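Asker: Each chain, written out:
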Amino acid sequence: MWILSTGNNASLSLGLSIGWRPALALAIERRPQIGFIEIVAENLEADRPIPAPVAALQRRGVTVIPHGISLSLGGAEELDLNRVAALDKLARRVSAPFVSEHIAFVRADGMEAGHLLPVSRTRAALEVLVENIGQATKLLSVPLALENISTLFEWPESQMDAAEFITEVLERTDTLLLLDIANVYANARNLGGNPVALLDRLPLHRLAYVHMGGGVERDGVYHDTHAAAVPAGAIALLEELCAKAEPPGVMLERDDSFPSDAELQMELDAIAAAVLRGRERRKTAHEPIPSSIRSGPAESSDSRACELGSARSGV
Amino acid sequence: VNSGAPDPAFDRERLQLASRMLRAKRYRAARRAFPEVFRRLGDQCAREFELYASSVPLRGGAVDDALAFMRHARGIRALPLSWRLRLLAIRTARYFRRESSGFGDEGA
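So the protein lines, in turn, are chains A and B.
Numbering-wise (the working numbering), the first sequence opens with residue 2 and increments by one.
Numbering-wise (the working numbering), the second sequence opens with residue 29 and increments by one.
If you are wondering where the hints come from, they were derived from the structure by calculation, not from laboratory data.
Among these hints, one or two may not hold up.
Claimed, not checked - Stretches of chain A that chain B covers, calculated by requiring three or more beta carbons in the stretch to come under 8 Å of a beta carbon on chain B:
#	segment
1	147 to 157
2	199 to 213
Said to hold, decoys possible - Pulled a few chain B residues facing chain A out of the computed Cβ check, cut under 10 Å:
#	residue
3	E41
4	L43
5	M49
6	K53
7	A57
8	E64
9	P85
10	G88
Bear in mind that the values here come from a model prediction, so they are computed numbers and not experimental data.
By construction, the Cβ of each residue, glycine as well, lies at the ideal position given by its N, Cα and C atoms.
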């Protein structure tokens with residue numbers, strides 16, 4: 002089991018993790034070292050005790066992060082403050098350092114989507130989002146981290162690109178970034194764009210932790226299902242991220258088709274190796290360049306960007 | 029996403045794909061809530077759910093959605109009486125749990 006080094010931000014160093022799901026409870030419990038776990042807030046009933054396996058991990062000192070999926074922060078309707086209060090109550094029950102949610106909406110006009118849907122990247126939608134997040138953070142007793150989502154379609158007439166939009170939201174609301182690398186990868190494949198260039202323009206100093214998940218391609222479209230192994234392209238993108246910044250924590254998401262412990266271990270090893278490779282590149286980049294190689298050919302970051310940027314055509 | 033004509037500026041094909049994906053996700057969530065019932069309802073259940081989800085928007089969670097679907101499912105009458113009674117009990121309990129907030133202050 003790899004534990005990432007504390008880096009500069011020791012207080013937030015979370016390590017490597019797997020998202021806690023009942024079906025993975027035993028696999029997670031068996032791991033001798035686990036930095037943190039994330040629990041889906043809506044899956045726990047407020048008036049029921051914390052599931053015993055989660056409580057046991059807490060006793061072992063494992064940090065628990067409640068992850069919300071239903072606040073609908075990007076929705077045009079009034080924010081449901083009861084949901085925010087429930088998320089906060091859970092955060093206090095598990096002594097969470099922060100909670101996380103999505104830059105998305107999940108309901109409109111009384112109808113539930115049952116899924117995270119993209120927010121239109123317009124000034125008007127941004128104002129609504131900022132207002133909703135502001136209301137939520139006022140009620141929350143811990144900081145809020147916001148996650149980028151994957152989407153199969155975009156709203157027409159965007160006034161900002163994804164990096165601009167996310168950055169402005171986080172800066173104006175003073176929130177943290179939960180960066181889902183697999184979502185960045187999925188969107189690059191399905192909608193185009195250069196995922197490495199996007200990482201360059203995100204406020205990585207706000208990075209709280211990273212999500213990694215797998216998916217499948219069907220009829221030329223990549224689906225971020227969390228029910229398959231993490232693709233090589235997403236692993237490469239994680240390395241790119243770690244070459245730019247040290248994530249305080251990295252978490253593997255698996256929601257279905259649960260693998261064996263051995264397969265899970267292989268996934269985590271691949272993630273940890275990418276983090277270490279990226280970290281090594283970051284260190285090397287910061288070292289003074291010896292004069293003997295200053296004039297020699299260097300690997301251009303653009304060439305790697307193109308390699309990852311072409312993810313849409315398949316990796 | 030559930031119905032109505034989308035803005036023509038959207039990528040229509042992708043929107044339809046997303047819509048299908050949402051309905052499939054709804055079906056998986058409902059099936060996960062009552063795996064034995066869905067298994068018993070058989071293969072035609074997925075097609076029936078697709079029709080149901082195309083016309084009935086999701087308004088609650090997966091359990092409520094599954095219960096609402098089962099009201100329309102053709103195979104439901106073929107289920108053993110004990111199963112149907114259990115489903116009725118679940119539906120009734122959920123109804124009263126929702127409505128009970130109207131009787132006191134604690135449910136606000």
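Asker: With reference to the structure, classify each hint as holding or not holding.
Answerer: Comparing the hints with the structure gives:
Only when three residues or more bring their CB closer than 8 Å to a CB of chain B does the claim for the segment 147 to 157 of chain A stand; here the count is 6, and the claim holds. Residues of the segment 199 to 213 of chain A lying with their CB closer than 8 Å to a CB of chain B number 0, which falls below the three-residue condition for coverage. A cut of 10 Å between beta carbons decides the hint on E41/B: the least distance to chain A is about 9 Å, and the hint holds. A cut of 10 Å between beta carbons decides the hint on L43/B: the least distance to chain A is about 5 Å, and the hint holds.
Checking M49/B against chain A by beta carbon gives a least distance of about 7 Å; that is within 10 Å, so the hint holds. For K53/B, the interface hint holds, since its Cβ comes within 10 Å of a Cβ in chain A; the closest pair sits about 6 Å apart. For A57/B, the suggested interface contact is upheld, since its CB lies about 7 Å from the closest CB of chain A, less than 10 Å. With a cut of 10 Å, the hint placing E64/B at the interface with chain A is violated, because the nearest CB-to-CB distance is about 17 Å.
Evaluation of the P85/B hint against chain A yields a held restraint, the C-beta minimum of about 4 Å falling below 10 Å. For G88/B, the suggested interface contact is upheld, since its CB lies about 7 Å from the closest CB of chain A, less than 10 Å.
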